[in-house]
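Peer 1: Please dock the two separately framed chains into a single complex, following the hints provided.
Each chain is listed here by its residues.
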Amino acid sequence: MQLPTGRVGPYVRALRSALQALAPNNEHVTLSAALDHLQALDPATSGDLLFPADVSDHTGMPAYTWLQRAHAEAVLAHRGMGDPSDAELERAGDLDAELGERLSQRRALHRHLRTAQLLPATRLGGVVRRVGARGSTQVALAYDRQSPDARWVRVRVELRTPGPPSGALWVDRAGRLAISSSLQHLFTRHFATSLSALRSQLTDATGGAVLRLSRGWTGPFWFPGVALPDGVPEALGAGLLLHNSVEVVAEDVHASRHHDPLERVDDARVPAGFGVYRSRRFAAAGGVGPAVRQWCADQGIRPLVVPFG
Amino acid sequence: MASGDPRQRYLGEQLTHAVLQRRQRAVADQHTKAVEQVAGLLDTQRDLGGELTEALATLRVQRTELDRMSQGSDASLLASLVRPFTARRAALARRSIAEGLLAKYEHVSLRLRQATAFSDELKLCALELQQQVDLLHCERTEALQNQRTAAQRLIALEAEFEALSVGRLTPEERARERDRIEFDRRTEAVALDLYQAAAELGEQHLPAARALRDTVLRLHEEMASFVLGATHTVNAAGRRIQGLGMLADAPTVVRELQESLDELNGAMVATADYVVRSQTLIAEVLPTLSARVQSVAEATEFALQRELVAADREKSRLQAERALREAAVLEIDQLLSGD
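As given, the protein sequences belong to chains A and B, one line each in that order.
When we follow the working numbering, the leftmost residue of the first sequence carries the number 711, and every step to the right adds one.
When we follow the working numbering, the leftmost residue of the second sequence carries the number 2, and every step to the right adds one.
Calculated from the structure, these hints are not laboratory results.
Glycine included, each C-beta is placed from N, C-alpha and C at the ideal position.
Do not rely on the hints blindly, as some may be mistaken.
Pair by pair, the computed Cβ-Cβ distance ranges are [what the hints assert, rightly or not]:
hint: 1; chain 1: A; residue 1: S876; chain 2: B; residue 2: A237; range: 40 to 50 Å
hint: 2; chain 1: A; residue 1: V975; chain 2: B; residue 2: H233; range: 55 to 65 Å
hint: 3; chain 1: A; residue 1: R824; chain 2: B; residue 2: Q146; range: 44 to 54 Å
hint: 4; chain 1: B; residue 1: D44; chain 2: A; residue 2: Q712; range: 34 to 44 Å
If we strip away everything but chain B, and leave its shape as in the complex, we get (with noise of 0.2 Å):
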């Protein structure tokens, strides 16, 4: 007879000390991975914030320019705009707005472009980080399915060594079927103890593994919030600026001129907090997070080391009779709530 009942299976790969140390390597590579990129990331957004930044200063000296021609300041400069060219000098020397306005639009859609692709960057870590949590569940309600199984078997092992000691057996049968039932028992206790540890690698390596994924969403959501707020005022601004850009020479469009700058600067204001946000991320958030995945990591290839040099077969058996009562336990609780 087969070990326990044959129609409890268990669910996936084979599990050996082997295959669990491969695993949990596996895990924390894939961590240390995941820190990398997310690493990367910011040091983009970074950047990107700095230039935006740096955009957003361009169009403040474009601004204040402006304001010192409406006010009259220059009168010099401002009455140029409406005196017809007598000179060569005279012509050259006028610097075109609408040339302006256009080279400071490019230069932030080229930024605003940036941040889209970016964006989508951000959504596509945050899915693969999102994967690894998936698996990560996956792994571990396999992991306590077949701990239950294991603890089934085990229950019913313990049920064919009491039946030995009532059954109509020679004495030859009834020590090869103790030696057989004993062999299987400690196989299903071994096992019983690799699925704990593979559950419990699981729900370990989980939190580190949901503050990655957190951390890339975090950023994505900001990215993607202020990309969809920008686009929509940089567009406007750049309809404004194409439109006035027939006119964009003469003095009685600086004051619409202005107004698409402020437009432009409302969305730039709203990169500078966003930077200001990232940069706190960069500072704070990712060493915690660096830290708390390789402790993970670390914790987890000791305790599992620790476990599989320990093992023996007492403690298996010790093992397997308190996962057993938690089986019958978990078996009767489930039964009273009628699952």
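The shape of chain A in the complex, shown without the other chains (with noise of 0.2 Å):
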């Protein structure tokens, strides 16, 4: 869907507190780029220069089309081609005043995004935690990704080569973690896959253990005009509600929990040794909250809300 214009500041702030007042930890993508994406996109900052405000017709997120204009802006603004002074916006103005208010949009937002931390299409990045007996390495990966329906997701994984890393991980001379461009090409074909299966390709494709497995999403972000999941009561898209969920497979999960209202359980193929661990927290506001709490009940599920605006 694309939000009317009087419609869009309102909903880029909306999701911006429900972000604030979820405040992710490290299993979901970086708190302060999200933030930093959703203030570019607010006609607060840009105007209507990165319309149309492209939102996702089932998850109620941003699009990845309505997110890559601030990317693009971002290139251009870092090639330092200089901004406008006052006097020229005012003339501008003085000329076209349409024109004028769109060249000082664009100084603002070129502004913003000089320093502003955006979130990726998909990108991979990871460090080295510690090198043990033999050259075991312990890394630690990072996959960040708009995800086709628009929600954010974070895979990260915590694995341990038997000896130095070799083929898709290496350690450089300066003793940092270098990620071949063919292991993204693999997170990104399977970043939806179910962890058990996505930790079985680890496992083949760098040689190494996968000690654990997490996967954040940020969103579904709920609003009147948003189609809910089947299944789930109308009532929880009568005002704003913003998901964070987190599914994690790990070997220090000792004892499974699920506390995901809205996944399906399917633990068939965790491995021997591992422990599975899913949980869902919500945003609320506009008077949902009591609904989710009563569809978490419903399901035996501890509902984690936070209000919000």
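Peer 2: As structure tokens, then:
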């Protein structure tokens, strides 16, 4: 859907407030990047420069095309072409008020983008955690993506290689972890498959032992007009409701727990010695808090609801 | 008595030879600066066009690769898309189509944003040039009005001069009045000369200013039209690419991916046409425009210098008389037309 002009600002600010209320940890995409990105989309910063405001019908999250426009502007902002001065903007405004306004908005947007972090379309990063005997190395990987359904996802992996990493991962002369683009391609193809399957693929691809694997989703963001999944009470779409969910497969999860009222449980392929943990938190406004609590309670799940706005 | 009709005042700044020369230089400088600016804009447009053409070529390569997969000419590649992972080499060897598509989309999107910003730059330049055209019109209108005022004052002075012979004045008074009227008449004749030159100055520079404005307007219109068409297509392709992202690495959607690339390709083909047109503009229009502006500036400067050097009272008197006749004719015309 495309948001009407008058609803773009309230939408972006509501999503920012909801994110701030949830304050997601590092299992999710970086909060500051999400907030900076949304600030760029806010008409208070960029006017209508980044319109149309495309939003997913099914998740209520900003669409890739909308977010991508901010990325493109960020590239232009960093090229250092120089911002127009106040006098130049005033002169342009005298000649054509609309053009002057647009140039002024572009300057404000570029100033913001020069210091902003943005959500990547896809990105894989990693660090070396520790190096043990015979070069055994523990590394942490984080793969971020704007998923096809417009939710934001981070897949985190802790893995240990039996010797010095080689192939898709290696340690450079400065001691930093280097990652082959082929591994990013693998994540992009399989970021949404079950964690158990992803774990075995990563094991095959890196030759290491996966110790911990998590996937954190930011979104959906339900509000009137967003199509709710089957089985979800309509009352949950009557206000503003941001989801933040995480699933973890790890050796240190000793007892599996399921606190997610939306995702079905399918732990048939959880590897021996691993546990699974799932939870979903909500930021609620507009009177949907009680409906969410009731929905969770009906499924025997302890509700984790934070009010915002 | 002040010279001429005191109700008729000159408009604007008092015109002198120095002021007129200053105006001429200012207009010539503005035009030279504008030509440089237009040259810069054309350079940017050429660079931008080159980058867009490059993006087009990359997309074509991507499309060819998808065709090859679709037709099964590379059976091992197509088969590998559905074969489960069995080894590290196989898992890492396979590339993500979604990654490739996103990278291409980002490249095209960046060029489009650049074109959008450039379109605003062109519009601003066109507005500034239009303002120069407006200014030349205003100065010309003002000069014509002042030329008429000078002519009317000269008519009044002529009448005063005629009245001297029938008035009851002493010989000394008559001589003093004759000197005053003669002085005023010569002053007004010079003013008339200057306002005529000012009007001609505006007239001569107007075509070059219009040509500059029209060139930039044409650049803006073409760029704005391209941006409008491409934005819609690129947005549609972006939505499709995002929607297909989840399945992009399955062979079943190769056909849809091809369609996405075709949409982007369509935008890029339009870009290629646009680039060709803008290159023609760069190759043909700018040198002509530049030569025209320079020629007008030189001719005006030369004419003005010649006029000012050659200006003497006798010439001014003759010109004033001609202007008087023209002004009288103009007034009669206006009376007859009821203005």
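Peer 1: With reference to the structure, classify each hint as holding or not holding.
Peer 2: Quick rundown of the hints versus the structure:
Taken as a hint, the range 40 to 50 Å holds for the pair S876 (chain A) and A237 (chain B), whose Cβ atoms sit roughly 44 Å apart. With their beta carbons about 44 Å apart, V975 (chain A) and H233 (chain B) fall outside the hinted range of 55 to 65 Å. Take R824 (chain A) and Q146 (chain B): their Cβ atoms lie about 52 Å apart, and the range 44 to 54 Å holds. Roughly 36 Å separates the CB atoms of D44 (chain B) and Q712 (chain A), a value that falls within the hinted 34 to 44 Å.
Figure legend: structure checked against the earlier numbered hints; the only hint not met is number 2.
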